[in-house]
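Could you build the full structure based on these sequences and the hints that come with them?
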Amino acid sequence: MIAEEWGRFTTLAGLTAKTTLSSRKGAVTWVVALLPLYVIGGVIAAGRQVDIELFQILILALLSLVLVVTALVHGSRLFREELEDNTLAYLTTRGISKASLVAYKFLGYYGSALLIVTLPIVATYFLAAASTGVPAAENIEVLGAFVAMAAVGIAAFGGLFLLIGFALKRALMAGLLYGFLWETILPILPGNVPLLSITHYLRSIGKNLVSTGILSQWITTLDLFTAVLVPLLIAAAAVGLTYVLLITREIKSKD
Amino acid sequence: MSVIEGEGLTKWYGEVLGLNRFTASFDDGITGLVGPNGAGKSTFLKLVIGQLIQDEGSLVVLGEKPFNNQRLMARLGYCPEHNRLYDYMSGRRFVATLLRLSGYNREEAERRAVEGMKLVDLQADMDRPLGGYSKGMRQRTKLAQALAHDPGLLILDEPLNGTDPVGRARMMEVIQGLPEQGVSVIVSSHILHEVERLTDRIVLIHRGKAIASGLIREIRRLIDDHPHTVRIGTPRPRSLATELAAQDHVAEIVFDGDMLTVRTRDPEAFYRELPGIVVEADISVTSMESPDDNLEAVFRYLVE
Numbered sequence: 001m002i003a004e005e006w007g008r009f010t011t012l013a014g015l016t017a018k019t020t021l022s023s024r025k026g027a028v029t030w031v032v033a034l035l036p037l038y039v040i041g042g043v044i045a046a047g048r049q050v051d052i053e054l055f056q057i058l059i060l061a062l063l064s065l066v067l068v069v070t071a072l073v074h075g076s077r078l079f080r081e082e083l084e085d086n087t088l089a090y091l092t093t094r095g096i097s098k099a100s101l102v103a104y105k106f107l108g109y110y111g112s113a114l115l116i117v118t119l120p121i122v123a124t125y126f127l128a129a130a131s132t133g134v135p136a137a138e139n140i141e142v143l144g145a146f147v148a149m150a151a152v153g154i155a156a157f158g159g160l161f162l163l164i165g166f167a168l169k170r171a172l173m174a175g176l177l178y179g180f181l182w183e184t185i186l187p188i189l190p191g192n193v194p195l196l197s198i199t200h201y202l203r204s205i206g207k208n209l210v211s212t213g214i215l216s217q218w219i220t221t222l223d224l225f226t227a228v229l230v231p232l233l234i235a236a237a238a239v240g241l242t243y244v245l246l247i248t249r250e251i252k253s254k255d
Numbered sequence: 001m002s003v004i005e006g007e008g009l010t011k012w013y014g015e016v017l018g019l020n021r022f023t024a025s026f027d028d029g030i031t032g033l034v035g036p037n038g039a040g041k042s043t044f045l046k047l048v049i050g051q052l053i054q055d056e057g058s059l060v061v062l063g064e065k066p067f068n069n070q071r072l073m074a075r076l077g078y079c080p081e082h083n084r085l086y087d088y089m090s091g092r093r094f095v096a097t098l099l100r101l102s103g104y105n106r107e108e109a110e111r112r113a114v115e116g117m118k119l120v121d122l123q124a125d126m127d128r129p130l131g132g133y134s135k136g137m138r139q140r141t142k143l144a145q146a147l148a149h150d151p152g153l154l155i156l157d158e159p160l161n162g163t164d165p166v167g168r169a170r171m172m173e174v175i176q177g178l179p180e181q182g183v184s185v186i187v188s189s190h191i192l193h194e195v196e197r198l199t200d201r202i203v204l205i206h207r208g209k210a211i212a213s214g215l216i217r218e219i220r221r222l223i224d225d226h227p228h229t230v231r232i233g234t235p236r237p238r239s240l241a242t243e244l245a246a247q248d249h250v251a252e253i254v255f256d257g258d259m260l261t262v263r264t265r266d267p268e269a270f271y272r273e274l275p276g277i278v279v280e281a282d283i284s285v286t287s288m289e290s291p292d293d294n295l296e297a298v299f300r301y302l303v304e
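As you go down the protein sequences, you meet chains A and B in turn.
First residue of the first sequence: 1, per this note's numbering; consecutive thereafter.
First residue of the second sequence: 1, per this note's numbering; consecutive thereafter.
Hints listed in this document are in silico derivations from the structure and should not be mistaken for laboratory results.
Small disclaimer: the values here were computed from a predicted structure and weren't measured.
Treat each hint with caution, since some may be false.
[Said to hold, decoys possible] Simulated coverage check for chain B against chain A, where a stretch passes if three residues somewhere in it have a Cβ under 8 Å from a Cβ of chain A: (1) 51-61; (2) 72-84; (3) 92-100.
[Said to hold, decoys possible] Below, computed lysine to aspartate or glutamate pairings styled on EDC-like, alpha-carbon distance capped at 20 Å: (4) K98(A) <-> E64(B); (5) K252(A) <-> E252(B); (6) K252(A) <-> E56(B); (7) K252(A) <-> D258(B); (8) K25(A) <-> D87(B); (9) K135(B) <-> D85(A); (10) K65(B) <-> D85(A).
[Said to hold, decoys possible] To list a few chain B residues with every Cβ distance to chain A over 10 Å, as calculated: (11) E7; (12) G103; (13) R106; (14) Q145; (15) H149; (16) G152; (17) D164; (18) P235; (19) E243; (20) E268; (21) A281.
C-beta: ideal position from N, C-alpha, C; glycine also.
This is the structure:
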């Protein structure tokens, strides 16, 4: 029984990861995810050193874009493409439970999207360190903060876009509005409004892990535990809601 | 034994009625679900595989309610009407992947995938990407994936659409052999002679309603009083019509160029007497066909 379920997990998560990493859309997100490398590589090629301050500014500026685009493209398509291509029935008429179907697809997405986002950040970090001659270990908490922000952000945005992709036919449009309006405007509004945006929690993670530079300047009262927990709960709730939709809604195909 | 029991099934798509108090029972063996496009065949089959849920009525498949029933789904094989597959995969990988999701280990899934592709005569192409498969090859691949996990009930939605003659013959051969292996089959089609070649047991569906079901010969009894139609090709249609009009059982003759459409109340007498008539009057007959000899006629009479 456990072996059967493990086989289902490796098959479905592996299939999802493979399409995330190697499909045409995957190639597009690789191009976007590599932006930090182009930008910082370009700055270094222009003869300027990229110290840890500049590294923080550049990565922070690009991280939101990379996170939203990667999560939107790959999270929303997990079920949307199956629904539009009428291929979901191939999966639902097997022995796999619908809970496993949602969970394994999401985990496959999570692992591969995390790779897409973090690999360029890690590479860029070492490139920047090499440009200044500062040992890479010296500012490793900055790299750790960005990786943690990416890990939590990929889960939270991915969960939301998974849900949007299942529930809405125009998932990409809805996701773009959410990702680039809601998540851009709400974090900078006064009072408790930023608590309604995932970006605020991600920036709070950075603030809690780094004591210098732009990451440390974010205004927040959230501790690290809360800043990590809330986005993960959002991800879990979105994945759970997708499962509820899958077991309660009919699958109306176009044929 | 009944494998599917549908009672008063009604399904709405917004304001469009997909099924209208559809009541039918499907026994083990092969049963054809026959009706024109838009009759409700796919809607009914999607209720069976739990993709849709009825607004009214009850549906029992292999003794269980299908919606959200994963245990039941594992016992079904489903071949959808559309030809969408995972085009980036090879045929073998596609079947093996679905077998893995059915719970088979890697080796067994690979073995069954190869066997499945061989069964539908696709062994030579099984490692090519599905994106390059023809319609007929896709149909055969869908059949392979539907059968590879040894289902107890196979649901085939228009399985022969787009198949070439050789592939079609192979698929029919495979489907016809399934009842011997304990697999019940529901096969839908709007091409009536296809179903007639697979089984003599049918359910006729029209505008969402089951209008007749049972053995074709039993259904024929329902229309015994309806005139039988024969189309005859001849270079002398008027002469032949004159001779035929003298027969008591001939109810109507319609001219259509070199073709005569004759309606008779006594087919046996008509076929017995026709050779004598044409020989005696020296009229040559270039072709003869009876639309009433196939399922099409039964269906048409019942819905008229």
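At 10 Å, judged by beta carbons, does E268(B) keep clear of chain A as stated? Given a closest Cβ separation of 44 Å, the condition holds.
Evaluate the condition: distance from the CB of R106(B) to the nearest CB of chain A exceeds 10 Å. At roughly 7 Å from the nearest Cβ of chain A, R106(B) sits no farther out than 10 Å, so the non-interface label is violated.
Assertion that P235(B) lies farther than 10 Å from chain A (Cβ): Holds, because the least Cβ-Cβ distance between P235(B) and chain A comes to about 47 Å, which exceeds 10 Å.
Pair hint outcome, K252(A) versus E252(B) [Cα-Cα no greater than 20 Å]: 47 Å, violated
If I take the minimum Cβ distance from G152(B) to any residue of chain A, is it greater than 10 Å? At roughly 13 Å from the nearest Cβ of chain A, G152(B) sits farther out than 10 Å, so the non-interface label holds.
Please verify whether K65(B) and D85(A) have alpha carbons no more than 20 Å apart. 26 Å, violated
Given the hint that K135(B) pairs with D85(A), test it: the Cα-Cα distance must not exceed 20 Å. 16 Å, holds
Can you tell me if the stretch 92-100 of chain B counts as covered by chain A, using C-beta to C-beta distances under 8 Å and a minimum of three residues? holds (count 3)
Verdict on Q145(B) as a residue remote from chain A, using beta-carbon distances over 10 Å: 7 Å, violated
Does D87(B) lie within 20 Å of K25(A) when you go C-alpha to C-alpha? 15 Å, holds
Take a quick look at G103(B) and tell me if its Cβ sits farther than 10 Å from every Cβ on chain A, holds or violated. Contrary to the label, G103(B) does not stay out of reach of chain A, its closest Cβ about 4 Å off (not over 10 Å).
Beyond 10 Å from every chain A Cβ: check whether that's true for D164(B). 22 Å, holds
Hint check: violations occur at hints 5, 7, 10, 12, 13, 14, 15; the rest are consistent with the structure.
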